[in-house]
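Undergrad: Work the whole structure out from these sequences, hints included.
Residue numbers (this note's numbering), protein chains in the order written: chain C, 1 to 346; chain U, 1 to 346.
Careful, some of the hints might be misleading.
As the list claims (entries may be wrong) - When the alpha-carbon atoms are kept at most 27 Å apart in a straight line, the in silico BS3-like pairs for lysine-lysine are as follows: (1) C:Lys152 x C:Lys202; (2) U:Lys140 x C:Lys60; (3) C:Lys228 x U:Lys296.
Said to hold, decoys possible - If we take Cβ atoms under 7 Å as the criterion, some of the chain U residues that face chain C in the derived model are: (4) Met39; (5) Trp81; (6) Asp115; (7) Arg117; (8) Ala256.
Stated by the list, open to error - Covered by chain U, per the in silico footprint, the following chain C stretches (three or more residues, Cβ under 8 Å): (9) 77 to 85; (10) 112 to 119; (11) 247 to 256.
Because the hints were derived from the structure by calculation, they are not lab data.
Using N, Cα and C, we set each Cβ at its ideal position, and we do this for glycine too.
2 protein chains.
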Amino acid sequence: MSIKQIQEKTGFSYSTISRVLNGKAKEFRISDKTRDSIMTAVKALGYRPNLVARGLRMQKTNTIGLIVPDIQNPFFGELAWRMERKLRGFGYSTILCNTDEIADNEEYYLQVLIDRRVDGVILAPVHTREWKGLEEIRWKKPVVLIDRIFFKTDLPWVTGSNEQAADQMVTTLFRLGHSRIAFLGGVPRTYMNTMRFRGFRKAFARRGIAVESGLVFNEGYSPAAGKKMMADLLARCPEIEAVFCVNNLVFLGAMAHVQKHEIETGRRILMAAFDIAPYCDMFKRPLVCATQDREKLADTAVSLLIKGIQDPHLSREHVMLPIDLSLLRIPRTEGGGAWQKRLDKG
Amino acid sequence: MSIKQIQEKTGFSYSTISRVLNGKAKEFRISDKTRDSIMTAVKALGYRPNLVARGLRMQKTNTIGLIVPDIQNPFFGELAWRMERKLRGFGYSTILCNTDEIADNEEYYLQVLIDRRVDGVILAPVHTREWKGLEEIRWKKPVVLIDRIFFKTDLPWVTGSNEQAADQMVTTLFRLGHSRIAFLGGVPRTYMNTMRFRGFRKAFARRGIAVESGLVFNEGYSPAAGKKMMADLLARCPEIEAVFCVNNLVFLGAMAHVQKHEIETGRRILMAAFDIAPYCDMFKRPLVCATQDREKLADTAVSLLIKGIQDPHLSREHVMLPIDLSLLRIPRTEGGGAWQKRLDKG
DNA sequence: ATGAAAGCGCTAACAG
DNA sequence: CTGTTAGCGCTTTCAT
Chain C
1 MSIKQIQEKT
11 GFSYSTISRV
21 LNGKAKEFRI
31 SDKTRDSIMT
41 AVKALGYRPN
51 LVARGLRMQK
61 TNTIGLIVPD
71 IQNPFFGELA
81 WRMERKLRGF
91 GYSTILCNTD
101 EIADNEEYYL
111 QVLIDRRVDG
121 VILAPVHTRE
131 WKGLEEIRWK
141 KPVVLIDRIF
151 FKTDLPWVTG
161 SNEQAADQMV
171 TTLFRLGHSR
181 IAFLGGVPRT
191 YMNTMRFRGF
201 RKAFARRGIA
211 VESGLVFNEG
221 YSPAAGKKMM
231 ADLLARCPEI
241 EAVFCVNNLV
251 FLGAMAHVQK
261 HEIETGRRIL
271 MAAFDIAPYC
281 DMFKRPLVCA
291 TQDREKLADT
301 AVSLLIKGIQ
311 DPHLSREHVM
321 LPIDLSLLRI
331 PRTEGGGAWQ
341 KRLDKG
Chain U
1 MSIKQIQEKT
11 GFSYSTISRV
21 LNGKAKEFRI
31 SDKTRDSIMT
41 AVKALGYRPN
51 LVARGLRMQK
61 TNTIGLIVPD
71 IQNPFFGELA
81 WRMERKLRGF
91 GYSTILCNTD
101 EIADNEEYYL
111 QVLIDRRVDG
121 VILAPVHTRE
131 WKGLEEIRWK
141 KPVVLIDRIF
151 FKTDLPWVTG
161 SNEQAADQMV
171 TTLFRLGHSR
181 IAFLGGVPRT
191 YMNTMRFRGF
201 RKAFARRGIA
211 VESGLVFNEG
221 YSPAAGKKMM
231 ADLLARCPEI
241 EAVFCVNNLV
251 FLGAMAHVQK
261 HEIETGRRIL
271 MAAFDIAPYC
281 DMFKRPLVCA
291 TQDREKLADT
301 AVSLLIKGIQ
311 DPHLSREHVM
321 LPIDLSLLRI
331 PRTEGGGAWQ
341 KRLDKG
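TA: Following this line, the structure appears as structure tokens:
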């Protein structure tokens with residue numbers, strides 16, 4: 001089923017049919033009769049254009065590649081959901097790629113996407129700087145970085161002010177009277193881990209105290225890792241009062257142990273974490289949290305990409321989004337007042 | 001950059017180059033010298049085959065379409081993650097589509113996927129039976145249903161025994177001494193909603209009691225909907241003791257209100273829900289939960305699709321997976337003993 | 001206002 | 001062992 005069948009049925013030539021199909025009837029002053037007869041045949045035969053052929057001919061596939069570390073993570077799930085929807089609005093289909101934080105996968109996928117002649121790539125990279133492969137690829141197709149970026153790059157990117165947010169969260173914990181704070185991290189040398197730990201450390205430095213290396217863990221971005229880190233932490237330092245979790249997944253894992261620990265010991269641990277807003281309601285406890293604007297993150301990434309596709313040279317924009325520090329979530333029934341007061345006094 | 005450049009550089013013909021590229025050097029007894037010289041040029045020029053052209057020529061794109069209601073839902077997130085990874089192992093790329101429970105979107109995407117000449121489609125449908133469009137499409141490309149299926153269809157599918165599991169969950173609630181049970185549902189007339197409510201009703205019927213229609217809600221598969229339904233329920237019936245949630249998202253939303261309510265009234269509500277295993281640890285409370293084997297679900301769907309691609313006529317398999325009813329999750333510190341005892345007595 | 005023909009980059013049948 | 005050529009389905013000059 002191709003234009004050929006339409007041709008046989010109507011007697012018109014390839015070009016005329018193609019023009020009608022692409023809505024260029026007016027432009028080429030094709031008679032209404034011709035157009036109608038073609039459209040009728042198209043409907044009757046249920047003809048649909050072959051997008052692969054069109055892609056080959058046009059050197060444009062209307063396809064983009066989305067590379068994320070882990071689509072299971074609801075944070076990336078939401079980003080993917082938003083971007084896919086927005087891209088669809090521009091006529092693009094989205095090819096999904098999961099790197100699982102493995103740099104080799106990232107290189108593999110980037111290559112595949114180029115081979116598939118996608119029109120652009122949105123990338124939440126594992127690498128922390130522009131490695132050789134990417135340098136070659138960005139010459140061929142526009143690439144936009146989302147969430148995780150490179151420090152020195154003229155690739156367009158969008159991310160949140162993670163370092164600053166982490167700093168503020170820790171500072172808040174200090175103001176609440178905690179000076180021993182554990183850091184439950186993810187994959188070492190990864191962008192987020194680096195930036196958020198940097199903010200963590202900065203807050204300590206300003207306060208003039210040293211980060212206790214025994215309270216710093218980096219086991220991976222997953223609930224399982226979070227659980228393990230929390231267990232190790234409690235084994236090592238049962239009297240810990242405040243814990244900083246590098247992301248939502250680590251937080252969820254950590255909470256399992258925290259709750260158990262609190263029941264057993266009667267002690268309360270103050271938790272701080274990034275991007276846990278969706279879960280905040282579910283915990284009957286004060287929580288220090290930083291929330292990124294996922295909608296803006298997604299929208300910006302797509303906009304930057306579209307711009308890049310339209311004019312590859314014009315796209316060097318860097319967007320740093322503020323992160324919402326709705327610092328404490330305190331169910332009013334649970335003595336939150338005391339916390340709040342301490343915070344207000346500074 | 002195409003085979004042509006390789007040809008110009010090495011002097012060999014299209015076909016020879018193509019053969020070497022596709023690892024058919026042995027088969028066509030191409031001399032080692034020729035092969036090496038070609039491979040050298042390929043490396044030197046950084047040549048990569050154009051998958052669009054290959055796809056057009058071979059009538060095979062090594063691409064599959066994945067249509068899910070909502071990639072934000074960690075349940076589908078995990079399925080997508082597993083399937084993408086497995087498909088990648090077979091050399092396929094995955095095109096991601098979100099229907100948001102809207103039937104029109106499903107039809108749109110299916111059409112796009114066919115136009116893109118994907119080699120197959122994995123579909124968690126919104127429709128509850130084989131509508132006209134699908135009937136046409138399945139003639140062109142293999143389609144596999146996952147999670148949500150059609151009752152009478154010879155399309156291959158894989159799902160869990162949802163009706164039975166819901167029945168067992170409710171029966172468990174009965175045995176624990178609750179006979180007024182609320183149903184917090186999702187999108188009406190959707191497969192899961194139907195099946196799980198059917199199981200819910202069946203348990204009531206067996207017990208000889210009627211389902212109270214005032215305790216049945218269907219507001220959508222989302223935390224927001226769950227929250228709203230729980231609020232409505234508590235307004236209507238503050239003394240409710242047991243609540244059945246149709247899925248993980250509804251459960252998460254509902255919990256927010258439950259916790260508040262419990263703190264305010266001192267009453268305990270027993271929650272039952274599907275696919276909340278990942279969150280179970282986080283709640284210090286008994287929970288009745290049914291857990292689907294997402295790994296098996298994903299693996300089976302991919303296997304069925306691969307089979308379907310290899311032999312379109314051979315694929316009519318239906319796989320119904322048992323659902324794990326690890327019925328009660330009871331933190332031992334919290335009087336779980338009493339619950340367990342009641343359950344054991346039957 | 002419409003048609004003929006080239007060509008996107010690749011594979012494979014056929015020829016030698 | 002290697003080369004020539006047709007053709008996948010489409011868009012787009014260039015003719016007329």
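Undergrad: Now tell me if each hint is right for this structure.
TA: Against the structure, the hints:
no.: 1; hint: C:Lys152 x C:Lys202; in the structure: holds, 21 Å
no.: 2; hint: U:Lys140 x C:Lys60; in the structure: holds, 24 Å
no.: 3; hint: C:Lys228 x U:Lys296; in the structure: holds, 26 Å
no.: 4; hint: Met39; in the structure: violated, 17 Å
no.: 5; hint: Trp81; in the structure: holds, 5 Å
no.: 6; hint: Asp115; in the structure: holds, 5 Å
no.: 7; hint: Arg117; in the structure: holds, 5 Å
no.: 8; hint: Ala256; in the structure: holds, 4 Å
no.: 9; hint: 77 to 85; in the structure: holds (count 6)
no.: 10; hint: 112 to 119; in the structure: holds (count 5)
no.: 11; hint: 247 to 256; in the structure: holds (count 3)
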